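Put chains B and C on the given structure of chain A with help from the hints.
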Amino acid sequence: MILRELADRLGCALRGDGGVVVTGVAPIDGAGPGSLTFVASAKWAARLKATGAAAVIVAPSVETPLPSLLSDNPYLTFARAVAILHPRAVPPAGVHPSAQVHPAAVLAESAHVGPLAVVGARARVGARSVIHPHVVLYEDAQVGEDCLLHSGVQVREGCRLGNRVIVQNGAVIGADGFGFAKDAEGRYHKILQVGIVVIEDDVEIGALTAIDRAALGETRIGRGTKLDNLVQIGHSVKVGRDTAVAAQVGVAGSATIGDRVILAGQVGVAGHLKIGDGVIATAQTGIPADVPPGAVISGYPAIPNREWLKSSAVFPRLPELLRRLRALEKGLDGRTPDRE
Amino acid sequence: MILRELADRLGCALRGDGGVVVTGVAPIDGAGPGSLTFVASAKWAARLKATGAAAVIVAPSVETPLPSLLSDNPYLTFARAVAILHPRAVPPAGVHPSAQVHPAAVLAESAHVGPLAVVGARARVGARSVIHPHVVLYEDAQVGEDCLLHSGVQVREGCRLGNRVIVQNGAVIGADGFGFAKDAEGRYHKILQVGIVVIEDDVEIGALTAIDRAALGETRIGRGTKLDNLVQIGHSVKVGRDTAVAAQVGVAGSATIGDRVILAGQVGVAGHLKIGDGVIATAQTGIPADVPPGAVISGYPAIPNREWLKSSAVFPRLPELLRRLRALEKGLDGRTPDRE
Amino acid sequence: MILRELADRLGCALRGDGGVVVTGVAPIDGAGPGSLTFVASAKWAARLKATGAAAVIVAPSVETPLPSLLSDNPYLTFARAVAILHPRAVPPAGVHPSAQVHPAAVLAESAHVGPLAVVGARARVGARSVIHPHVVLYEDAQVGEDCLLHSGVQVREGCRLGNRVIVQNGAVIGADGFGFAKDAEGRYHKILQVGIVVIEDDVEIGALTAIDRAALGETRIGRGTKLDNLVQIGHSVKVGRDTAVAAQVGVAGSATIGDRVILAGQVGVAGHLKIGDGVIATAQTGIPADVPPGAVISGYPAIPNREWLKSSAVFPRLPELLRRLRALEKGLDGRTPDRE
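Residue numbers (this note's numbering), protein chains in the order written: chain A, 1 to 340; chain B, 341 to 680; chain C, 681 to 1020.
With the rest of the complex left out, here is chain A (with noise of 0.2 angstroms):
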C-alpha cells in the first residue's frame, strides 16, 4: 500500500513522499525497508534519525525528513495503521465435524466454531463470532457477536459475554467463587454459587485469568475494561468501564472497582472495598480499604503515591536514622544507657 492511500484510510494529514510503498508496522529500532513505525513522544524524535523506516505516524510538532503521517494521538493511529496492514485471517463460518455442539445450542449462521470445541445445551453463540478449538461453553452460556474465544477458553453455565469480547487462551469464566461457611468443628461447607458473570461490550480478558461467577446475582465487567493475563476477579465484584487491570492482579470477592481505573502488576484488592473513578494504583500496592477517586496509591498498605515515594527513600536509612537517635540519647544527658 502507498503512504497515500494509508493517509487516506487513517483520515490523517500527509507530510512528504505520499508514494512511498508501507508493507508493514515495524518497532524504530528494528524497522527496514517498507515499513511504517511511530513516535509516540517527543522523547523518541532522536531515534527517527537512525531508523530504516519507510515512513513514520508522528505528531504535527515532531520535525523529520521522513515521509509522515501527522497524529496528535500518534500511538492510537498507530494502532489502526496496524489493523490495516496486518489483517488477521478470519476463519470461515461454520461448524468443525469435530466440534461437540448440543443440539438445543443455538449459533449464528456466520459464527464459526472450531476443531474439538464443545457448545453446551441452550448456550448460543452470536454473528461473527469466532470459537477457537478446544473452546467449552457450558449450558446457557452466552456469546455476543463479533467475540473472539481462543483455544482453551472455559466460559461456565449461564455466565454471559457481550459484543465485540476478546478472551485469551485458557482464560476461564464462571468457575465458582470461594465461598465456605464453618461449622463449629472449623470445617469448611460449600456455598453453591448459584449467580453468574456478565461480561460488557468491548471487554478483553487475558491468557489464563480467571472470572469467578457470584455467590448470588452477578460478577460484572464493564464496557471496555481490559484485563491482562493471571488476573483473579472474586466472586461478585464489579469493575466499571474502560478500566486497565494488569497481570496478576488480584480483587477479592464484592469489591467495585470504578471506571477509568488502572491497577498495575500484582496489586491485591481486598474484599467488599471501593475503588473510585480514575484510582492509579501502581504495581505491587496492596488496597485495604475504600479508595477516593483519582487517588493515585503505592504500597501495602496503599498510601498516596507521593508520600510512598517519600517514605520509601527514607526506608534504608532506618539503620543510620537509628544510630543518630542514639547518638542524640546519649549526647543530650551523657548517662542514658544504650537501649539497643
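Simulated from the structure, these hints should not be mistaken for lab results. Small disclaimer: the values here were computed from a predicted structure and weren't measured. Virtual Cβ for every residue (Gly too), placed ideally from N, Cα, C. Just so you know, not all the hints are guaranteed correct.
What the hints assert, rightly or not - Each pair of labels, with its calculated beta carbon distance range:
{"hint": "1", "chain 1": "A", "residue 1": "P319", "chain 2": "C", "residue 2": "I682", "range": "55 to 61 angstroms"}
{"hint": "2", "chain 1": "A", "residue 1": "E109", "chain 2": "C", "residue 2": "P972", "range": "31 to 37 angstroms"}
{"hint": "3", "chain 1": "B", "residue 1": "A653", "chain 2": "C", "residue 2": "G1011", "range": "20 to 26 angstroms"}
Stated by the list, open to error - The calculated lysine-lysine pairs, modelled on DSS-like cross-linking and capped at a C-alpha distance of 25 angstroms, are:
{"hint": "4", "chain 1": "A", "residue 1": "K182", "chain 2": "B", "residue 2": "K578"}
{"hint": "5", "chain 1": "A", "residue 1": "K310", "chain 2": "C", "residue 2": "K990"}
{"hint": "6", "chain 1": "C", "residue 1": "K1010", "chain 2": "B", "residue 2": "K650"}
{"hint": "7", "chain 1": "C", "residue 1": "K723", "chain 2": "B", "residue 2": "K578"}
{"hint": "8", "chain 1": "C", "residue 1": "K954", "chain 2": "C", "residue 2": "K918"}
{"hint": "9", "chain 1": "B", "residue 1": "K614", "chain 2": "B", "residue 2": "K670"}
{"hint": "10", "chain 1": "A", "residue 1": "K238", "chain 2": "A", "residue 2": "K274"}
{"hint": "11", "chain 1": "C", "residue 1": "K862", "chain 2": "A", "residue 2": "K238"}
{"hint": "12", "chain 1": "C", "residue 1": "K1010", "chain 2": "B", "residue 2": "K614"}
{"hint": "13", "chain 1": "C", "residue 1": "K918", "chain 2": "A", "residue 2": "K330"}
{"hint": "14", "chain 1": "B", "residue 1": "K389", "chain 2": "A", "residue 2": "K274"}
{"hint": "15", "chain 1": "C", "residue 1": "K870", "chain 2": "A", "residue 2": "K49"}
{"hint": "16", "chain 1": "A", "residue 1": "K310", "chain 2": "B", "residue 2": "K650"}
{"hint": "17", "chain 1": "B", "residue 1": "K522", "chain 2": "C", "residue 2": "K723"}
{"hint": "18", "chain 1": "C", "residue 1": "K918", "chain 2": "C", "residue 2": "K870"}
{"hint": "19", "chain 1": "A", "residue 1": "K238", "chain 2": "A", "residue 2": "K190"}
{"hint": "20", "chain 1": "B", "residue 1": "K578", "chain 2": "B", "residue 2": "K614"}
{"hint": "21", "chain 1": "A", "residue 1": "K238", "chain 2": "C", "residue 2": "K870"}
{"hint": "22", "chain 1": "A", "residue 1": "K274", "chain 2": "B", "residue 2": "K383"}
Unchecked claim - Far from chain A by the CB rule (all over 10 angstroms, computed), these chain B residues:
{"hint": "23", "residue": "A353"}
{"hint": "24", "residue": "G356"}
{"hint": "25", "residue": "S401"}
{"hint": "26", "residue": "L410"}
{"hint": "27", "residue": "F418"}
{"hint": "28", "residue": "R468"}
{"hint": "29", "residue": "G484"}
{"hint": "30", "residue": "N503"}
{"hint": "31", "residue": "E544"}
{"hint": "32", "residue": "A547"}
{"hint": "33", "residue": "K578"}
{"hint": "34", "residue": "G611"}
Positioned in the frame of chain A, the structure of chains B and C alone reads:
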C-alpha cells in the same frame, strides 16, 4: 417450597408465617418476592427493614417481622438452604462417545465422562464422579467417589484424588515440580519428578491452580482444605486439614502448612519451612521462616500483625521523623552539620 | 540394577559394596531397601545414620558406612541417577486418530501426537517430539526436536519452540500482549500484536505460565532458561540464558533480563528496563528500574539485599523510634509540644 418444609429439612426453628413460599436465595439488597436471604451478623440486621425478601435466616437474637428460620450459624444454614433450593443438575451416568477412554481405564458405572475428555491407561474414576468435557486424566490417575472435575482440568500420571473432591476449571494437578541441578558451567539439569500428588477427601481446588508433583514421595493436600484460584503449591509441600488458601498464594517446595491455617490473597511462603496450626497470614504477607501455631502475621518479612499495623502507621511519617531528628541534631549543640 | 553398574553409567567412583541392588531413588528420610538417596551438603550428612537407604551419592569428603557413589556435585549426579532408575515411558510415534491435524501441517514421522490434540495449518513438529492430548498448535507454530508438550498447552500462530523444550500443562505461549492505545474519551483501542514468541533450546516452561507474543518483533526466552508455574512474561520481553524464574513472577512488557539471573517467587519486574547478568532478586521483590549485573536485591522498590535486611530489622521498631524521638524532643528544651 414453603418455608415450613424448608425449616423441617434444615432442622431449624421457624418464626412467623411458615406458609410463605420461597423459590430461591438472594442477597439482602437484591432480594425480591420468593427470595430467602440471611443475616450473618447483627450489624447487617438493620438492612432487613428495606429488604424485599420473603424470608430470612437469622440468629435467634435478631428481631425482625419477616418470616424467619432461626440458626446459631446463619451462614452455614444458608449454605445448606442454597443446596436445597438450587439443586444442580447431575449429568447422567455414562461415557460420551467423543471421550477418549483407554481400554485399561477403570470407570464406575455411575460415573459421568463428558465430551472429549481423555482417560488414560489404568486411570480410575469412582462412583458418581463427574468428569466434565476436556478433562485429561493421565495414566494411573485416580479419582474417588462423588468428585466433580470441571472442564479443562489436568490430572497427571499417578496422582490420586479422594472422595468428594471438587476441582474448578483449568486446574493442573501433578505437573513437574521446579527441580534442577546446576552444573559447573551454570546450566540447569532437570531432576525427574517421580513423586505424585495426593488430594484427600473433601478438598476443593480453584480454577487455574497448580499443584506440583513431588520430586520424590508426595505432595499432599489435607482433608477439607480449600484452595482458591491461581494458587501455586510447590513440589513435596504438605498442607494440613481444613486450611483455606486464597487466590494467588504461592507456596514454595517442601513447605509444611498446618491445620486450620488461613493464607489470604497473594501470600508467599518460602520453601522448607513449617507453618503451625491455626496461623493466619493477611494478604500479601511474605513468610520466610517457620511460624508458631496460632500466630497472626503480616508484612514482608512477616511479623506479628499487631506490630505490623503499628509500624505501617509510622511508615508514611518517615520523612517527618528524619526532619525532626535533624532538627534535634542541630539544636543539640548548634554546630552539627546537616548530614543529609 | 547393582550399584557398580550404576557407578559405571554415571562415571562415578564407588566406595563400599558395589553388588548392592538399587531399584529407585528416595529422600533420605523416606528411603527403604533398594533405595538410592543423596546428600547434597555436609550439613545433611548426620541423617545418613538413620536412613534405610541401600546406597547414597555423596561428596568424597563425607564419611559413611553406606555403599556410596562419590561425586563433587551429588545433586547433579542424583539428577542423572533418577533418569536412569526411573525411565519415563516414551509414547509411540504416530498420530492418534482422534487428533485434528491440518493437512498442511508437517509432522516428523517419529513424533507423537496424542488424543484430541489440534495441529493447525503449516504447523511443524520435529523428530521424537511428544504432543500430549488437548494440546493446540495454531497455524504456523513450530515445535523442534525432542520436545515434550503436556496436555492443555496452547501455542499460538507463528510461535517457535527450539529443541528439547519442555512445556508443562496448561501453559500459553503467544497470546496477545496487553497493548492498547487510549483515545480522547479514555477508551482503549487494541493494538494488534503481530509479533511472535521464540523459545530457544532446552527451555522448560511451567504449568499455567503465560508468555505473550510481541506487539512487533519477538518475545524471546533464552537457551536453558527455566520458568516455573503461573509466570507472566509480557510482550517483547527478552530473557537471557540459564536464567531461573520462580512461580508467580511477573515481567512487564519490553523488559530485558540477562543470563544466569534468579528471580524468586512472586517477584515483579516493571516494563522497559534492563536486569543485568547474574542478578538475584529474592521473593516478592518489586523491581522498578535497571539493575546492574551481579546485584542481589530485595524489597519494593528493590534495594541491595543487605540494606533491605537491615532496614527490615528496624521496621518493627518504628513505633519505638517515634517514642524515643519524642522523648528527646521533650527533654531537649523542656518546652517542645508533642507533635503527635
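Outcome of the hint check:
{"no.": "1", "hint": "A:P319 x C:I682: 55 to 61 angstroms", "verdict": "holds, 58 angstroms"}
{"no.": "2", "hint": "A:E109 x C:P972: 31 to 37 angstroms", "verdict": "violated, 60 angstroms"}
{"no.": "3", "hint": "B:A653 x C:G1011: 20 to 26 angstroms", "verdict": "holds, 24 angstroms"}
{"no.": "4", "hint": "A:K182 x B:K578", "verdict": "holds, 22 angstroms"}
{"no.": "5", "hint": "A:K310 x C:K990", "verdict": "holds, 19 angstroms"}
{"no.": "6", "hint": "C:K1010 x B:K650", "verdict": "holds, 22 angstroms"}
{"no.": "7", "hint": "C:K723 x B:K578", "verdict": "holds, 23 angstroms"}
{"no.": "8", "hint": "C:K954 x C:K918", "verdict": "holds, 9 angstroms"}
{"no.": "9", "hint": "B:K614 x B:K670", "verdict": "violated, 49 angstroms"}
{"no.": "10", "hint": "A:K238 x A:K274", "verdict": "holds, 9 angstroms"}
{"no.": "11", "hint": "C:K862 x A:K238", "verdict": "holds, 22 angstroms"}
{"no.": "12", "hint": "C:K1010 x B:K614", "verdict": "violated, 45 angstroms"}
{"no.": "13", "hint": "C:K918 x A:K330", "verdict": "violated, 53 angstroms"}
{"no.": "14", "hint": "B:K389 x A:K274", "verdict": "holds, 24 angstroms"}
{"no.": "15", "hint": "C:K870 x A:K49", "verdict": "violated, 28 angstroms"}
{"no.": "16", "hint": "A:K310 x B:K650", "verdict": "holds, 19 angstroms"}
{"no.": "17", "hint": "B:K522 x C:K723", "verdict": "holds, 19 angstroms"}
{"no.": "18", "hint": "C:K918 x C:K870", "verdict": "holds, 23 angstroms"}
{"no.": "19", "hint": "A:K238 x A:K190", "verdict": "holds, 23 angstroms"}
{"no.": "20", "hint": "B:K578 x B:K614", "verdict": "holds, 9 angstroms"}
{"no.": "21", "hint": "A:K238 x C:K870", "verdict": "holds, 23 angstroms"}
{"no.": "22", "hint": "A:K274 x B:K383", "verdict": "holds, 19 angstroms"}
{"no.": "23", "hint": "A353", "verdict": "holds, 18 angstroms"}
{"no.": "24", "hint": "G356", "verdict": "holds, 22 angstroms"}
{"no.": "25", "hint": "S401", "verdict": "holds, 17 angstroms"}
{"no.": "26", "hint": "L410", "verdict": "holds, 16 angstroms"}
{"no.": "27", "hint": "F418", "verdict": "violated, 7 angstroms"}
{"no.": "28", "hint": "R468", "verdict": "holds, 16 angstroms"}
{"no.": "29", "hint": "G484", "verdict": "holds, 17 angstroms"}
{"no.": "30", "hint": "N503", "verdict": "holds, 14 angstroms"}
{"no.": "31", "hint": "E544", "verdict": "violated, 7 angstroms"}
{"no.": "32", "hint": "A547", "verdict": "violated, 4 angstroms"}
{"no.": "33", "hint": "K578", "verdict": "holds, 19 angstroms"}
{"no.": "34", "hint": "G611", "verdict": "holds, 20 angstroms"}
Against the hints set out earlier in the document, violations occur for numbers 2, 9, 12, 13, 15, 27, 31, 32.
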